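Undergrad: Take a look at the letters that make up each chain.
Number of protein chains: 2
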Amino acid sequence: MSQLEVTEKTRIRRGPKRAVFDRAILEQVFNQAHVAHVGFIQDDPSGEGLSGKIQPFVIPMLCWIDGDLLYVHGASSSRMIKTLTGGSEACVTATILDGMVLSKSAFHHSANYRSAMVFGQFFLIENPIEINRQYKIFMERIAPGRWDEVRPPSEIELKATKMLAIKLDQASVKVRSGGPNEDKEDLDIPAWTGEMVIKHPLTAMVADQHSTDGIKVPDYSEAWDDRWRV
Amino acid sequence: MSQLEVTEKTRIRRGPKRAVFDRAILEQVFNQAHVAHVGFIQDDPSGEGLSGKIQPFVIPMLCWIDGDLLYVHGASSSRMIKTLTGGSEACVTATILDGMVLSKSAFHHSANYRSAMVFGQFFLIENPIEINRQYKIFMERIAPGRWDEVRPPSEIELKATKMLAIKLDQASVKVRSGGPNEDKEDLDIPAWTGEMVIKHPLTAMVADQHSTDGIKVPDYSEAWDDRWRV
Numbered sequence: 001m002s003q004l005e006v007t008e009k010t011r012i013r014r015g016p017k018r019a020v021f022d023r024a025i026l027e028q029v030f031n032q033a034h035v036a037h038v039g040f041i042q043d044d045p046s047g048e049g050l051s052g053k054i055q056p057f058v059i060p061m062l063c064w065i066d067g068d069l070l071y072v073h074g075a076s077s078s079r080m081i082k083t084l085t086g087g088s089e090a091c092v093t094a095t096i097l098d099g100m101v102l103s104k105s106a107f108h109h110s111a112n113y114r115s116a117m118v119f120g121q122f123f124l125i126e127n128p129i130e131i132n133r134q135y136k137i138f139m140e141r142i143a144p145g146r147w148d149e150v151r152p153p154s155e156i157e158l159k160a161t162k163m164l165a166i167k168l169d170q171a172s173v174k175v176r177s178g179g180p181n182e183d184k185e186d187l188d189i190p191a192w193t194g195e196m197v198i199k200h201p202l203t204a205m206v207a208d209q210h211s212t213d214g215i216k217v218p219d220y221s222e223a224w225d226d227r228w229r230v
Numbered sequence: 001m002s003q004l005e006v007t008e009k010t011r012i013r014r015g016p017k018r019a020v021f022d023r024a025i026l027e028q029v030f031n032q033a034h035v036a037h038v039g040f041i042q043d044d045p046s047g048e049g050l051s052g053k054i055q056p057f058v059i060p061m062l063c064w065i066d067g068d069l070l071y072v073h074g075a076s077s078s079r080m081i082k083t084l085t086g087g088s089e090a091c092v093t094a095t096i097l098d099g100m101v102l103s104k105s106a107f108h109h110s111a112n113y114r115s116a117m118v119f120g121q122f123f124l125i126e127n128p129i130e131i132n133r134q135y136k137i138f139m140e141r142i143a144p145g146r147w148d149e150v151r152p153p154s155e156i157e158l159k160a161t162k163m164l165a166i167k168l169d170q171a172s173v174k175v176r177s178g179g180p181n182e183d184k185e186d187l188d189i190p191a192w193t194g195e196m197v198i199k200h201p202l203t204a205m206v207a208d209q210h211s212t213d214g215i216k217v218p219d220y221s222e223a224w225d226d227r228w229r230v
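If you read the protein sequences in the order shown, they are chains P and S. Per this note's numbering, residue 1 is the first one in the first sequence, and the count goes up by one each step. Per this note's numbering, residue 1 is the first one in the second sequence, and the count goes up by one each step.
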């Protein structure tokens, strides 16, 4: 079990007992969420913002982890990709809501969740061999075995898209699990207490009109659902 | 159907054909996600960041909508709450990943999703009657009927927590649905194509050791799951 290092930036100030430092949980959260919420700062296009006309943006992006990096990709022409590769500080967060925690008192109601946060700057992946290797890894996460069955990206398609990565060395993870905390004085209140557990996504394959007749429905769903069974 | 107004800040530049302006979809996304990813800017605690030592943060927060406002709450002492109520520009995003779109070509693979984004500044809700009313609304969303069964917040508990809201007048929504786009040249590739649909959370009630014996399991789960059937 690899440990996350605590830095001044990643130290969890609020609810420090919920901090976990298991690198495997960090990966699990991003792998199960599939979507990371990428925060960055940009000039406020309306020019009306405070703090020197800068505006935070939070954009959802599909992500994947390989080794010590978290990867995203996007259209080369997008302002987000330009900002992220221009040395802008980023904060990348993924959250799994695991359940609602129901207590005898309104105040002690809570949520069970796992949340992972990465700080740093994205950089461009430029080596064409590495780009190809990472797209394959990305595809294999979504649909194992599919890379070899579909047309690989053309030169033009590769140019239209940029692949970015961020190091996982400035990261923090917060987890809450289990039932409610109760004040002693509340224990006689006749209320159902416990957790409303959220059963996480299972998948279903729905064929398209161009899906080739006679092709067996792929078993990608199993790999996807397996990620929720760990 | 109420319409979202397009402003210079909320105009969708990337994939404008995926923009939708139905206010009901905005609400649906936040109501189904339950967690909003709140982006804001703060002094970089490590002092190492670029762009004048400021750092974006993206923090997951439970949220609810009532009328024209999106609400969150948090510990009064947290730096996030202090920043958000100090006039900091915010960007609040929620995303539902609805499925993976599987095409004949690697490039045309995509995701089906609904994403809502709100820009603005949070402000403090200070009227105690309104705070109480909103906590009840929030609780009723999570567990209908529960507010009257549990102990209401005490003065001390109310002081320990701050309730914040942001207007929904600077908002945008992006939606992708349906099967893959294909290039004509790829139609003969013998691959299964379509959508791997993500079946969204259903809930289960798991009692705690302090749950009162003889109390019927509440039907909160039905309301929760109903939100996914619309």
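No lab work stands behind these hints, which were simulated from the structure alone. Everything numeric in this text was worked out from a predicted model, so none of it was measured. Among the hints, erroneous ones may be present.
Each pair may be met inside one copy or between any two copies, as identical chains are not told apart.
[As the list claims (entries may be wrong)] For lysine-lysine, the following DSS-like pairs were computed, each having C-alpha atoms within a straight-line distance of at most 27 Å:
1. Lys82 - Lys9
2. Lys199 - Lys9
3. Lys199 - Lys136
4. Lys9 - Lys216
5. Lys136 - Lys184
6. Lys216 - Lys17
7. Lys159 - Lys82
8. Lys199 - Lys184
9. Lys184 - Lys82
10. Lys216 - Lys82
11. Lys216 - Lys167
12. Lys216 - Lys159
13. Lys184 - Lys167
14. Lys82 - Lys199
15. Lys199 - Lys167
16. Lys184 - Lys216
17. Lys184 - Lys159
18. Lys159 - Lys199
19. Lys136 - Lys9
20. Lys136 - Lys216
21. Lys184 - Lys9
Undergrad: As a check of your reading, is Lys184 near Lys167 (CA-CA no more than 27 Å) within one copy, between copies, both or neither?
TA: This pair counts as neither: shortest intra-copy Cα distance 45 Å, inter-copy 39 Å.
Undergrad: Under a CA distance limit of 27 Å, which applies to Lys199 and Lys184: within one copy, between copies, both, or neither?
TA: neither (31 Å within a copy, 40 Å between copies)
Undergrad: Check Lys216 against Lys159 for me: Cα-Cα at most 27 Å, and say if that holds within a copy, between copies, both or neither.
TA: So Lys216 and Lys159 fail the 27 Å test inside a copy (33 Å) and across (60 Å) alike.
Undergrad: Pop the pair Lys159 and Lys199 into one bin, within, between, both or neither, using alpha-carbon distances up to 27 Å.
TA: Answer is neither; intra-copy 40 Å and inter-copy 34 Å both fail.
Undergrad: Between Lys199 and Lys136, at a C-alpha cutoff of 27 Å, which is it: within one copy, between copies, both, or neither?
TA: Close across copies (25 Å), not inside one copy (29 Å); limit 27 Å.
Undergrad: Measure nothing new, just compare the shortest in-copy and cross-copy C-alpha distances for Lys82 and Lys199 to 27 Å and report within, between, both or neither.
TA: neither (38 Å within a copy, 34 Å between copies)
Undergrad: Go through the copies and call it for Lys216 and Lys17: within, between, both or neither, with a Cα cutoff of 27 Å.
TA: Intra 48 Å, inter 33 Å, cutoff 27 Å: neither.
Undergrad: Is it within a copy, between copies, both, or neither that the alpha carbon of Lys199 lies no farther than 27 Å from that of Lys9?
TA: Result: close neither inside a copy nor across copies, 33 Å intra and 36 Å inter.
Undergrad: With identical chains, the pair Lys136 and Lys9 could be close in the same copy or across copies; at 27 Å between alpha carbons, which is it: within, between, both, or neither?
TA: neither (33 Å within a copy, 36 Å between copies)
Undergrad: Pop the pair Lys9 and Lys216 into one bin, within, between, both or neither, using alpha-carbon distances up to 27 Å.
TA: For Lys9 and Lys216, the Cα distance exceeds 27 Å both inside one copy (49 Å) and across copies (46 Å).
Undergrad: Between copies, within a copy, both or neither: which fits Lys216 and Lys82 at Cα up to 27 Å?
TA: neither (41 Å within a copy, 56 Å between copies)
Undergrad: Quick one: Lys184 to Lys82, C-alpha cut-off 27 Å, is that within a copy, between copies, both, or neither?
TA: Close neither inside one copy (55 Å) nor across copies (31 Å); limit 27 Å.
In the structure shown, a violation is registered for the earlier hints numbered 2, 4, 6, 8, 9, 10, 11, 12, 13, 14, 15, 18, 19, 21, in ascending order.
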